[in-house]
Structure formats: C-alpha cells, structure tokens
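Now for the letters of each chain:
Number of protein chains: 2
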Amino acid sequence: MKRITPKFNELIHSDLELVYSRMRETYALADPTIKAILNRFVSPSGKQIRPAIILLTGRMLDGPDDRIISFATAVEMLHTATLVHDDLIDSAQFRRGNPTINSQWSPDVAVLIGDFIFARAAHLAVDTGSLDVMELFTRTLTIISHGEIAQLLGNQHGDMHESYYQRIYAKTASLFETSSFCSAILSPCSKTCQAAMKRYGYQIGMAFQIIDDVLDFVGNPAEIGKPVGSDLRNRIITLPFILYMEDHRDDPLLQLILNHETIDEEDLNKLIKAIQVSDAIKRSIQKANEFSQAGIEQLASMPNTVERSALIEIAHYIVDLRI
Amino acid sequence: MKRITPKFNELIHSDLELVYSRMRETYALADPTIKAILNRFVSPSGKQIRPAIILLTGRMLDGPDDRIISFATAVEMLHTATLVHDDLIDSAQFRRGNPTINSQWSPDVAVLIGDFIFARAAHLAVDTGSLDVMELFTRTLTIISHGEIAQLLGNQHGDMHESYYQRIYAKTASLFETSSFCSAILSPCSKTCQAAMKRYGYQIGMAFQIIDDVLDFVGNPAEIGKPVGSDLRNRIITLPFILYMEDHRDDPLLQLILNHETIDEEDLNKLIKAIQVSDAIKRSIQKANEFSQAGIEQLASMPNTVERSALIEIAHYIVDLRI
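From first to last, the protein sequence lines are chains A and B. With our numbering, letter number 54 in the first sequence gets 54, and the count goes up by one each step, no holes. With our numbering, letter number 14 in the second sequence gets 1014, and the count goes up by one each step, no holes.
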C-alpha cells in the first residue's frame, strides 16, 4: 500500500511511538510464549489511520496527552483483534506479508489471542477515565461483531445500497467515527465540536471502505494481499457490483452471484473484468470522494492548526487511489 | 448436576428473572437470525452461581438494585462468551444437553457469536457507572483469556501446586472474585468489607474449580457431560493427579502424561482408575473444603441477614459432592 505522506507522519511520529510502546507495556506481563506471539503486532505496520485520527484530533483540540494515547492504543488494539479473528474466518495465510496466527500456530490460538487483545484493548480504554468513552468503545465493538456475523450468515435485507452502507458502517466507519468522536469527548470542546468530529470520522470511514472495495477490483493483488475480485468470489456485494448491476440488469451472471449459486471460474473472471472496465468503478470512487469531501467540511469550524491540515490531508489520502 | 437448593433459589428467583430479561433486551436489537442463535443462552441453565453471588452480595450490603442487576448480567454474559469459545476449542458437540454453536452452525459463527457476547457484556458493565468495576471487569477478561492460551500452549512453569492454583485462579476464581468484589464496590460498604467480599469470591471460586476437577475423575459422565478423566486425556494436570503423583513417584505412566507422550487407552484407564480409588480424591476434596471454609470466614463481619446465610449456603453447596 501507499506510505503515509511525510508531513502527516512528522506530526504524529513521536505520538505513534508512544502508542506502540504502550502496546508493548500492555503485553509485557504475558507469559513469554504468548508475548512472543503478541509482539508481532507491536510495530507500526499498515496505515495507522485510526490512531492518527485520534492523535491529531486530540492535539488539535488540546486534549489530555496521556488519555488520548491510551485511547489511540485501545483502538489500534481493538482493530488488531478484529483482524486476528477475520484472518481466522477467512483462513487467510498472510497479512501484510507475515504469516497469520491461524496459519503459523493454529485456529484455536487465533481465537484466544484475539480474545486476549480485545480484553487488553478494553482494559486500556478504561484508562481514558471516561465512562462515555467506554460506552462508545464497547458499543462499537458490538456493532463490528454484529456486522461480521451478519456478513458471514449472508444476511441481506431491503435496498442494496442501504444494506451496503449499513455493512460498511459496521465494518469500518463505526470505529473511525468512535475514534474522532471520543478524542473530541476527551478534549475540552463543545458538544457541537464533538458532533462535527464524530461526523468527520464517519464520513472518512465510509470513504475508506468504499475505496477498499474498489481496490478489491482494480488494486494490485500483490499490494492488497488478496486476489482480484475476492469479495465477489466470497459473494460479498460491494458498491462497484451494485452500480454495475444497475446498468446491466439483464446479465445472467449477476443473478448467480446474488442467489449464491455456483459460477464457474471463467464466468467469474469475465464478470470481474467487465466491472473493472465499467464506469461503476469511477462512480464508486466519486461516491468515496463525496464522503471524503463531507468529512473535510466538518473541519471548517475547527481551530486552524497544522493538525487540522493533517486531518484534511488524511481525508484526501484515503481517496487518493493513484491508479 | 445438582439443583440449586430451594432456600437459595427463593431469595434470588425474581432477581435472576431480571438478569435474564436484561440479557434478552441486550440481544433484542440483533438481526433476527443472530437473535435466534443468541436466545438459546437466555434461560436460567447451569448453576448460576456467579450471578447468585453478585445478587446476594448486593442485597446483603444494600447495593443499588439496577446497577447490581446490570453487573450480574454482564458477568453471566462474559461467562457465556468464554463457554462459546471453549466449546469451539474443545470441538465440543454438546453443552448442557444442547448442541454447541460450533457443531450446529460452524466454528466461524462460534468465534463471532462469542465476540458479540463479549462486546455486549462489556457494554452492560458500563451501565454500572463505575470505572473501578470496568477496570476489574476488563482485567478479569484478560486473566481468563491469558490462562486459556497458556493452557492451550501447555505452558507449565515451576512448582506443580503453584502452577495449578494459578491456572484455576485464571480459569475460575478470578471471575468469582470479581463478582463478589464488584458487587461490594457498587454497594455502600467500607474498603475492609470490600476486601473481605473479594476474598470470599476468591476462596469459593478456588473450591468450585477443585471440585470440578475432582468430578472429572469421579463424577457421573452423563451428568458432567464429558467422559471420565477427560482432563488427563487432554494432558491437563489437576489436583487429584498432582496429589496421586506425590505418593507414586515410581509410576512410569505418570511420566508419560507429564511429558505429553503417547499413552495407550488401556494404560490411561488403569491410571484413571488408580487415581479414583486413591486418597488423592479425598485429599483434593479436603483442600476444596479448606478454601470453602476460608470463604465462609470472610462473611463473619457481614450484616447478619438471610442473604449472608445464602452466601454461606453457596459455599457449602459448592463442595457438597454427594458421592
């Protein structure tokens, strides 16, 4: 994936170090064998967008450093725990180039390591000293896990667009929303300011997931770590598919996907190719841009600081596909 | 298993009803398919010792009804979530006569349903309005999951007795301790009183698990839901084994178990039989009785109420094997 841009990185570099050292402390009391498994998560990998949003919001609003760091660590660990269980369920062999816990140890170890990281994350969230934050943190965990079960069971209700947006809210935007919202709650800031930061997180979370779903069709498999069209292969309906479908209602292949029927590899590849070259991709990116722009608008009333500029930069970065 | 004795049952009957209706409310917003899976947990089954301890402690100490009920529900759900993941890891087919989630749906569904119940439990714990309770609740979840991983990885350090007591603390006594301790924290009660109730929970939790481990050797397999000696079959070292070993250091079969070596079925049954008829069983029960008695002693300074009598009754009930 793309690297975090230098400017952005400079601003939060030392804070991110603190997040990862807090994570290390959190794991320090574990049995040595368990600590060895856990320590693989204690290095800045991936995009660190969630802690970045928390740290930048906290700094922009003069939030209390220590509690903001605790919260950023809690959210990064919650995200990590969900990835451990996701990889288990997807039987994924690798994540960011490293063997997954389910592949290197066993599915059972992955279940329990995920649970342990959830537990440590929740324990760290208590360090924020805020019951409001705890309430939102545990509510978000509920929304994420409920969304995961619904996706696994293939539950799909009502309008496809609405159902899609609900799913990506549960999967991604809920934690982005909680990230920026709680960082504002912990800071000296009005209810109006808190609400604006909540919406910022929501909007860029939605943008982030739409782009992720677009990359599933048009990204470099080596970079995103999964084969092209893997959502479709797993019968997960995303925005590019929905928009393509609206223009190709007569395509019999689409019905096979929607009805969870068998579809041969050749037909599947044909469909993926057709979506790739259709304007469904461009329109999906456009939708992500709209969310991103709406997120940026929430920042208009925020203090005019370098951190606000960095939060705007994140909103652009998220939708910057470079394809 | 034995039923809860009538007196005990009478006192907390209506409160337990509230716990289960709170649980139902907690699941009410889930997608219908998911709710159907969850609702199987919303009926008083098992022994309900944990919520009973919380409810009785709260009543004895004039605690706030609503927050005590929330906490009892949170603990019962936390316990439920650990059972869902335990059954998955043990590939258990049945629990209390019902098919397990991993067997009736799939291991993946069991992972996520467990996560969802954890999340709901933590969310309910926030309703206690106490950061101290949240801290203890999340710390306990950490201890339990750490203990589970250590057991799965077969980590065993130092003195066998010490290692055993650490394991049963993590597995069982930690949640008993948090149950009675937090109920006291939520109630108008001195630090001394809180500390005594913490020790009460710890002591009877230790007693409870030792008896559980004894029943693994001498219980009725139909009642306990697993074959005789299943701990030994899974190379889990418990007190009866340790005490037997101390008197039979020359038995070569013991070394096979300790070294995780293959042992044939006939030899295994011979060893189980030998432990069953040895005085290791009686001495283990004696140890459980000592813990139970130490728990009862903590109640000496508590208000002389029917609830205190019921808490004493629970301490006796836990070690009453009727064998």
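Hint data in this document are derived by calculation from the structure and do not stem from the laboratory. Glycine included, each C-beta is placed from N, C-alpha and C at the ideal position. Fair warning: there could be bad hints in the mix.
Unchecked claim - If you only want the chain A side, here are some residues facing chain B, beta carbon under 8 angstroms, derived:
| # | residue |
| --- | --- |
| 1 | V109 |
| 2 | A119 |
| 3 | L131 |
| 4 | S145 |
| 5 | E246 |
Claimed, not checked - Label-pair ranges, simulated between beta-carbon atoms:
| # | chain 1 | residue 1 | chain 2 | residue 2 | range |
| --- | --- | --- | --- | --- | --- |
| 6 | B | D1090 | A | L268 | 51 to 57 angstroms |
| 7 | B | E1017 | A | S21 | 46 to 52 angstroms |
| 8 | A | R40 | B | D1090 | 47 to 53 angstroms |
| 9 | B | A1195 | A | D90 | 44 to 50 angstroms |
| 10 | A | P221 | B | E1261 | 56 to 62 angstroms |
| 11 | A | K270 | B | H1260 | 51 to 57 angstroms |
| 12 | B | E1017 | A | S230 | 43 to 49 angstroms |
| 13 | A | S21 | B | K1035 | 50 to 56 angstroms |
| 14 | B | G1097 | A | G154 | 27 to 33 angstroms |
As the list claims (entries may be wrong) - Facing chain A, according to a computed beta carbon distance under 8 angstroms, are these residues of chain B, among others:
| # | residue |
| --- | --- |
| 15 | A1028 |
| 16 | D1031 |
| 17 | S1103 |
| 18 | Q1104 |
| 19 | D1108 |
| 20 | D1115 |
| 21 | L1141 |
| 22 | A1150 |
| 23 | S1278 |
Results of checking the hints against the structure:
1. V109: Since chain B brings a Cβ to about 6 angstroms from V109(A), closer than 8 angstroms, the hint holds.
2. A119: This hint holds: A119(A) lies near chain B, its Cβ roughly 4 angstroms from the closest one there, short of 8 angstroms.
3. L131: holds, 6 angstroms
4. S145: Nearest chain B Cβ about 4 angstroms off; hint holds.
5. E246: violated, 25 angstroms
6. D1090(B) - L268(A): 51 to 57 angstroms: Violated: the Cβ-Cβ distance is about 38 angstroms, outside 51 to 57 angstroms.
7. E1017(B) - S21(A): 46 to 52 angstroms: holds, 48 angstroms
8. R40(A) - D1090(B): 47 to 53 angstroms: violated, 26 angstroms
9. A1195(B) - D90(A): 44 to 50 angstroms: With Cβ atoms ~47 angstroms apart, the hint holds.
10. P221(A) - E1261(B): 56 to 62 angstroms: violated, 45 angstroms
11. K270(A) - H1260(B): 51 to 57 angstroms: Check passed, 53 angstroms falls within 51 to 57 angstroms.
12. E1017(B) - S230(A): 43 to 49 angstroms: holds, 47 angstroms
13. S21(A) - K1035(B): 50 to 56 angstroms: Violated, at about 42 angstroms.
14. G1097(B) - G154(A): 27 to 33 angstroms: Roughly 29 angstroms apart at Cβ, these two residues keep to the hinted range, so it holds.
15. A1028: Hint on A1028(B): violated, closest Cβ of chain A at ~12 angstroms, above 8 angstroms.
16. D1031: Nearest chain A Cβ about 5 angstroms off; hint holds.
17. S1103: violated, 15 angstroms
18. Q1104: violated, 13 angstroms
19. D1108: Nearest chain A Cβ about 5 angstroms off; hint holds.
20. D1115: holds, 4 angstroms
21. L1141: At about 4 angstroms, which falls below the 8 angstroms cut-off, the nearest Cβ of chain A leaves the hint on L1141(B) intact, so it holds.
22. A1150: holds, 5 angstroms
23. S1278: This hint is violated: S1278(B) lies away from chain A, its Cβ roughly 31 angstroms from the closest one there, beyond 8 angstroms.
The earlier numbered hints that this structure contradicts are 5, 6, 8, 10, 13, 15, 17, 18 and 23.
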